[in-house]
Each structure stands twice: as structure tokens, then as C-alpha cells.
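Asks: One letter stands for each residue in the lines below.
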Amino acid sequence: DAGVIQSPRHEVTEMGQEVTLRCKPISGHDYLFWYRQTMMQGLELLVYFNNKAVMDDSGMPKDRFSAKMPNASFSTLKIQPSEPRDSAVYFCASRIGAETQYFGPGTRLLVL
Amino acid sequence: SQQGEEDPQALSIQEGENATMNCSYKTSINNLQWYRQNSGRGLVHLILIRSNEREKHSGRLRVTLDTSKKSSSLLITASRAADTASYFCATDANNYQLIWGAGTKLIIKP
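In order, the protein sequences belong to chains A and B.
Using our numbering, read the first sequence as starting at 10 and increasing by one per residue.
Using our numbering, read the second sequence as starting at -7 and increasing by one per residue.
To be clear, the hints were calculated from the coordinates, so they are not data collected in a lab.
Careful, some of the hints might be misleading.
[As the list claims (entries may be wrong)] Selected chain B positions facing chain A (Cβ under 7 Å, derived; list incomplete):
| no. | residue |
| --- | --- |
| 1 | ASN30 |
| 2 | LEU35 |
| 3 | ILE39 |
| 4 | ALA70 |
| 5 | ALA74 |
| 6 | TRP92 |
[Claimed, not checked] If you want the ones that stay clear, here's a sample from chain B, every Cβ over 12 Å from chain A, calculated:
| no. | residue |
| --- | --- |
| 7 | THR12 |
| 8 | SER65 |
| 9 | LEU67 |
Idealized CB from N, CA, C, for every residue including glycine.
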């Protein structure tokens, strides 16, 4: 199995621009998680899906962030407009049932 | 949100020594998991211990769980340079979310 795939791996953008992060979970996994990791805040859960439905997005700033999972093999996290404080590493993870999470390599985002 | 706390925040030991990291949490759990993160990489699952288990082994890793004290420890025996990483505990409280600690940064000196 290829594992969780994220793209892009690195993204540098200017404040105000739209950023779209992509994730392909492991085939057959029914849960998908988006995390953000910074030195100051550590690992934060932004949103998670079960069978493509949003289960909890309370950790996600609703005014600028949106997450979608149009099918079982693809999810996006969009930031519009981006701000410098959004600079972080964004991880996608998937799991099947109540078992361990498998993380992607992350997208390192820098907003100038 | 983060409710787990790892202790210590950072640990530096000589290669070959044992490393012990601790994790405390606040609510009842279904299971507790330990993950490793190498610099610039994603997190990798190491071991899962269920609430009805007290100890679990995997290679050089030994995890204990004390639900009465709401704490867990991760022991890495005979440490190697490749063990240099950050280690996170995460608790699953039956709602399919993991609650993460802040991590312990482990440095193994050659």
C-alpha cells in the first residue's frame, strides 16, 4: 500500500491567496483526519470525516477554512484567504474503525 | 485540543541507555497510543495499549498503562541514534478522536 498521500509537500504563498491541500487516504479506511502542527500549538485536530461525512470541525476556523471529501479516496482542505498565522505543517491521517491512525508526510505551508 | 501531557518535554541520553517517557491524561479512555515523529516527517504509530491492558511490548519498546493514575510510560531500551525523534502519546476516549499530548523530544547522543 502506498500509504496516505498528500500534495503538495511544500507550498509558499502570499497573504490573501487561496491555498488548497490535498489528501488521498489509504484505500478502505473510513476515517480521515486533518491536523495542523506548529511549534507553539503542537498538533491540533482541524476536522475529521467518517465515510465522507464531517463528524467534527470544531477545531477549524470556519471563516477561512473549508474541508471536503467528495469521495472515499480524496479530501481537500482549503484556506481562503490565507494569512501568515496559517503557516504550519498540515497532516492528513486515515484509519479504519477504532484503530491506529496512519499519517501522510505532511504539507509544509508558508504564508508570506 | 490537547489534554495529554508528556514528561519530560525533552530528554538527552547516551546511545545504549534506556529512555523513559511519561504521559498523563484526564478522561477515561478506550486505548492509548504512542507515536514517533522524526524531524520534518509525519507521525508513525508505535504501539497501542487498551484500557484493560497493563503492559505491552514491541521489540525494544515497553509501554505500561495505569488507568487508576491516568498515566502511561514508554520505555525504549538500548537506545540508538535512530531513536532520536519526538514521541507523542494520544488517547482515544471512544469518540474516534485522538487527544494528543505535546510530545517529548528525545535526543540520543553517540
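Asks: Against this structure, judge whether each hint is valid.
Replies: Here's how the hints hold up against the structure:
1. ASN30: Interface hint status for ASN30 of chain B: violated (11 Å vs cutoff 7 Å).
2. LEU35: With Cβ-Cβ at 5 Å, under 7 Å, it holds.
3. ILE39: violated, 9 Å
4. ALA70: violated, 25 Å
5. ALA74: violated, 18 Å
6. TRP92: Constraint on TRP92 of chain B satisfied, holds at 5 Å.
7. THR12: holds, 21 Å
8. SER65: Its Cβ never comes within 12 Å of chain A, the nearest being 19 Å, so this holds.
9. LEU67: holds, 20 Å
Of the numbered hints listed earlier, those contradicted by the structure are 1, 3, 4 and 5.
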